[in-house]
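Colleague: Going down the list, the sequences are from chains A and B.
Mapping to my numbering: the first sequence position 165 is 165, numbers consecutive.
Mapping to my numbering: the second sequence position 29 is 29, numbers consecutive.
Read the hints as simulated data drawn from the structure, not as lab findings.
Among the clues, some could well be false.
Pairwise CB distance ranges (calculated) [to be verified]:
{"no.": "1", "chain 1": "A", "residue 1": "GLN237", "chain 2": "B", "residue 2": "ILE181", "range": "41 to 47 Å"}
{"no.": "2", "chain 1": "A", "residue 1": "HIS230", "chain 2": "B", "residue 2": "GLU159", "range": "36 to 42 Å"}
{"no.": "3", "chain 1": "B", "residue 1": "ASP30", "chain 2": "A", "residue 2": "ASP275", "range": "39 to 45 Å"}
{"no.": "4", "chain 1": "B", "residue 1": "LEU197", "chain 2": "A", "residue 2": "GLN207", "range": "30 to 36 Å"}
Just a few of them, taken from the derived set where beta-carbon distance is under 8 Å, the chain B residues facing chain A [to be verified]:
{"no.": "5", "residue": "GLY61"}
{"no.": "6", "residue": "PRO129"}
{"no.": "7", "residue": "ARG130"}
{"no.": "8", "residue": "GLY133"}
{"no.": "9", "residue": "LEU136"}
{"no.": "10", "residue": "ASP137"}
{"no.": "11", "residue": "ALA165"}
{"no.": "12", "residue": "ARG166"}
{"no.": "13", "residue": "GLY167"}
Backbone N, C-alpha and C fix where the C-beta goes; we use that ideal spot for every residue, glycine too.
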Amino acid sequence: MTSTMAPPKATRPVRGRVVAGVATGLARHLGMPVWVVRLAFVVLSFAAGIGIVLYAAFWAVLPLDADTPDVDLAAARSSDTARLLALAALVVGVGLLLAALGVDIASGAVIPVIVAVFGAALIWRQTDDEQRDAWSAAAGRAARQTAGTTAAAGRWRIGIGIGLVLLALVALLAGRTSPAEAVQGMAVALLIIGGVALVVFPWIYRQWREQSEQRRALIRAEERAEIAAHVHDSVLQTLTLIQRASNDPQEVMRLARTEERALRSWLYAPTGDPDRTFAAALERDASQIESAYDATIDLVTVGDSVLDARITALVAASREAMVNAARHGGGAVSVYAEIDEEAAEVFVRDRGAGFDLAAVAEDRHGVRESVIGRMERNGGTASIRSMTGLGTEVHLRMPIRTDVTT
Amino acid sequence: MTTARLRLVLVDDHAMVRAGVRAELGDAFDIVGEAADVAEAINVITATAPDVVLLDVHLPGGDARAVLDACVAAVPATRFLALSVSDAPEDVVATVRGGARGYVTKAISGPELRAAVQRIADGDAVFSPRLAGFVLDAFAGGAAEKDDEIDRLTPREREVMRLIARGYTYREVATELVLSIKTVETHVSAVLRKLQLSDRRELAKWASSRRLI
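Kindly produce the complete structure, drawing on both the sequences and the hints.
Modeller: Take a look at the structure:
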């Protein structure tokens with residue numbers, strides 16, 4: 001660790017791991033080749049099993065890599081199964097090797113220890129997976145279908161793990177004593193565990209309660225601070241501005257409308273990112289145009305989609321159409337956007353005098369190039385309907401590629 | 001136009017809003033009562049049995065739903081129009097499902113509000129573009145597995161809803177689809193009925209998926 005740059009924080013990756021990603025994670029952290037770390041673990045394992053203990057300790061301590069946005073859960077799962085099978089085969093192989101070397105496996109403590117380690121590994125792995133699932137659900141990946149089955153599989157895995165550990169303990173005891181004594185020993189052990197639990201439980205429970213209480217209080221305080229900051233930044237500022245501009249009704253209108261829209265989107269809008277989703281992008285453009293052109297834009301969206309190249313082009317064309325409507329239409333502009341499986345459509349309607357498209361000069365960049373041209377270049381269509389006296393409606397349609405990736 | 005002036009009750013916890021609405025509607029209608037919270041609203045509405053109630057969605061001591069639940073059976077002839085600043089779909093949909101025959105935002109202009117009240121009084125439904133958008137959103141997707149017609153919009157109803165969402169007035173919808181205004185009103189009322197009666201699971205799921213706070 002001689003590098004002056006901060007090494008990446010040690011985490012366990014989800015991909016490219018053999019057992020739990022400890023070696024890969026450490027190698028990344030230390031800037032060493034993975035095989036060196038793996039070899040070190042293997043060599044150390046022969047020194048009275050220190051390697052195994054170390055591995056287990058790192059497993060428990062190192063967090064799982066959170067920056068793996070596109071984990072294909074199903075694929076990760078099936079490769080998990082394959083890896084577990086491989087691991088089991090390896091364990092059997094080592095056992096056979098030991099037997100061949102003359103170590104008496106049957107009477108010794110070797111098998112029970114292996115079984116216990118295997119059971120424990122199962123349980124630990126499962127907590128890993130639950131963490132991973134929580135992240136991918138938080139990342140908005142459609143983990144809903146798999147959630148039910150994995151929960152069941154998880155319970156099974158934990159059950160099997162506990163079973164294996166208990167079995168190993170029993171085997172360990174039974175190997176040394178008579179069965180009756182073994183049962184007696186287990187009973188004593190359970191009694192002791194129960195007693196300790198009885199003594200410690202209230203204390204742990206209280207600790208846990210206090211901690212979650214504190215956390216909740218913290219969240220509340222943060223929320224309050226956020227609201228206060230927002231109100232101060234926007235509402236109070238705007239009210240001050242309105243008082244100052246009270247002799248200019250147009251300006252007051254504009255300020256109030258801008259503020260209303262900002263507050264409204266803050267309170268009710270789907271928490272979309274205008275750089276990532278269609279509805280949020282339109283919302284942002286509409287509010288910008290409203291304040292820039294002193295118009296009222298009523299935006300209604302049905303459905304939503306992630307922004308890809310085509311949808312981005314659609315948003316840009318819609319923006320241009322909204323600017324046109326706000327500039328020439330006068331008064332209220334209605335914008336309706338709808339996305340279904342086949343296409344994304346946007347209707348921009350104003351109630352201005354209307355105009356004749358044929359009369360619009362070729363070089364008028366606004367409509368021809370930035371609306372119609374942009375749509376057609378991206379495989380969409382644009383049509384403009386002007387109803388004299390009733391205003392103008394621009395209809396933009398962008399077909400959606402139907403590549404199913406779920 | 002009817003000879004007798006329509007009788008209205010205004011329910012809103014903001015005196016400013018009531019004063020504004022009164023100023024805009026006072027010439028055309030008789031405003032027979034005002035209320036600022038749920039209990040008061042129920043008293044005033046059941047006592048005066050007005051033709052139309054303008055009902056704010058959020059009220060102290062409950063919400064519009066509480067008023068609707070208490071009043072719809074007691075004064076069956078009274079019709080309710082939700083008037084709110086809220087854009088939250090679950091508020092809007094809950095109010096309409098509670099028995100309101102329409103929903104408009106407080107940004108609505110005076111003449112439009114007058115027209116909406118008249119329309120409600122005539123027994124029709126009033127859909128703002130936003131409410132039409134909510135309906136399209138809620139009834140979107142394949143309902144093919146459920147063939148109960150109450151859970152689906154007919155193609156015609158869908159067309160009408162889309163035009164309303166695009167900012168068309170009923171009259172413009174009628175012209176566009178070459179229908180009479182009466183037919184458009186019939187379609188809109190049918191959609192309102194479906195919105196109120198459908199127990200479509202998607203509707204609840206959709207509203208809750210839009211819930212943020």
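Colleague: All the hints need checking, so say for each whether the structure fits it.
Modeller: Now for the hints, and whether the structure bears them out:
1. GLN237(A) x ILE181(B): 41 to 47 Å: Hint holds: Cβ distance 46 Å, inside 41 to 47 Å.
2. HIS230(A) x GLU159(B): 36 to 42 Å: holds, 40 Å
3. ASP30(B) x ASP275(A): 39 to 45 Å: Violated, at about 52 Å.
4. LEU197(B) x GLN207(A): 30 to 36 Å: This hint is violated: roughly 52 Å between Cβ atoms.
5. GLY61: violated, 22 Å
6. PRO129: holds, 5 Å
7. ARG130: With a closest approach of 5 Å, the ARG130(B) hint holds.
8. GLY133: holds, 4 Å
9. LEU136: holds, 5 Å
10. ASP137: Check passed: Cβ of ASP137(B) comes within 5 Å of chain A, closer than 8 Å.
11. ALA165: holds, 5 Å
12. ARG166: At about 4 Å, which falls below the 8 Å cut-off, the nearest Cβ of chain A leaves the hint on ARG166(B) intact, so it holds.
13. GLY167: The hint holds - GLY167(B) has a Cβ within 8 Å of chain A, the shortest such distance being about 2 Å.
In terms of the numbered hints stated before, the structure departs from hints 3, 4, 5, listed from lowest to highest.
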